Amino acid sequence: MAARLDDGGDDLTENHDINVTPFIDVMLVLLIIFMVAAPLSTVDVPVDLPVASAKPQPRPNKPLFLTVKSDLSLAFGNDTVPRGALRSALDAATSSDRQQRVFLRADKTVPYGELMVVMNLLRAAGYLKVALVGLEEAPLPPANKGPSAAGAPASGAPTNP
Numbered sequence: 001m002a003a004r005l006d007d008g009g010d011d012l013t014e015n016h017d018i019n020v021t022p023f024i025d026v027m028l029v030l031l032i033i034f035m036v037a038a039p040l041s042t043v044d045v046p047v048d049l050p051v052a053s054a055k056p057q058p059r060p061n062k063p064l065f066l067t068v069k070s071d072l073s074l075a076f077g078n079d080t081v082p083r084g085a086l087r088s089a090l091d092a093a094t095s096s097d098r099q100q101r102v103f104l105r106a107d108k109t110v111p112y113g114e115l116m117v118v119m120n121l122l123r124a125a126g127y128l129k130v131a132l133v134g135l136e137e138a139p140l141p142p143a144n145k146g147p148s149a150a151g152a153p154a155s156g157a158p159t160n161p
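Residue numbers (my numbering): 1 to 161.
Hints are computed from structural coordinates only; laboratory data are not their basis.
A quick note: this is a predicted structure, and the numbers were derived from the prediction, not measured.
Treat the hints with care, as some may be off.
Cut-off 25 Å, straight-line C-alpha distance, at most; resulting in silico cross-link-like pairs (SDA-like, lysine to any residue) [unchecked claim]:
1) K129 to Q100
2) K108 to L86
3) K108 to L74
4) K62 to G77
5) K62 to P111
6) K62 to I33
7) K108 to D79
8) K69 to M116
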């Protein structure tokens, strides 16, 4: 119901247009909030990653293994190699064929940053095909989530008399 404040003139007539300025302001504020909050929501999400079930690739006849030991020294094959001589050792083993894949192994105590330094050394030497080597694990059986729908214990769960 509309009411008139003034009996006099027609200065205060009803306005039938929607004022969208407050809606635009609210939408811009929400946009800014989501733009700031979206990257933060994906950074600290705790996740248990599954074990890779990919089939192992066939191994070449003479694989090139580069190992980063726990003391951060490098070993090419079975021989210890200084970091400065890595390029010449790789070139000698591959006859300067930079298309061969280098299998990079690292002790689990090696920091990630050190592994990246070694990968940068390989890139600087021109060896861009790098494969990371790890242990193959059998996938774990699914965890029992409780009794089944019929009320019987889940498979593998002991029953109490």
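Checked hints:
Annotation: proposed proximity of K129 to Q100 holds, straight-line Cα distance about 7 Å (limit 25 Å). Simply put, K108 and L86 have alpha-carbon atoms about 22 Å apart, close enough for the 25 Å limit, and the pair holds. Proposed proximity of K108 and L74 is supported: the alpha carbons are some 14 Å apart, at most 25 Å. With a C-alpha separation of about 10 Å, the suggested pair K62 and G77 falls inside the 25 Å cut-off, and the hint holds.
Restraint check: the Cα-Cα separation between K62 and P111 comes to about 28 Å, which exceeds 25 Å; the hinted pair is violated. Between K62 and I33, the direct Cα distance comes to roughly 55 Å. Violation of the 25 Å bound is thereby established for this hinted pair. Between K108 and D79, the direct Cα distance comes to roughly 20 Å. Compliance with the 25 Å bound is thereby established for this hinted pair. Distance restraint check for K69 and M116: the Cα-Cα separation of roughly 14 Å lies within the 25 Å cut-off, and the hinted pair is therefore satisfied.
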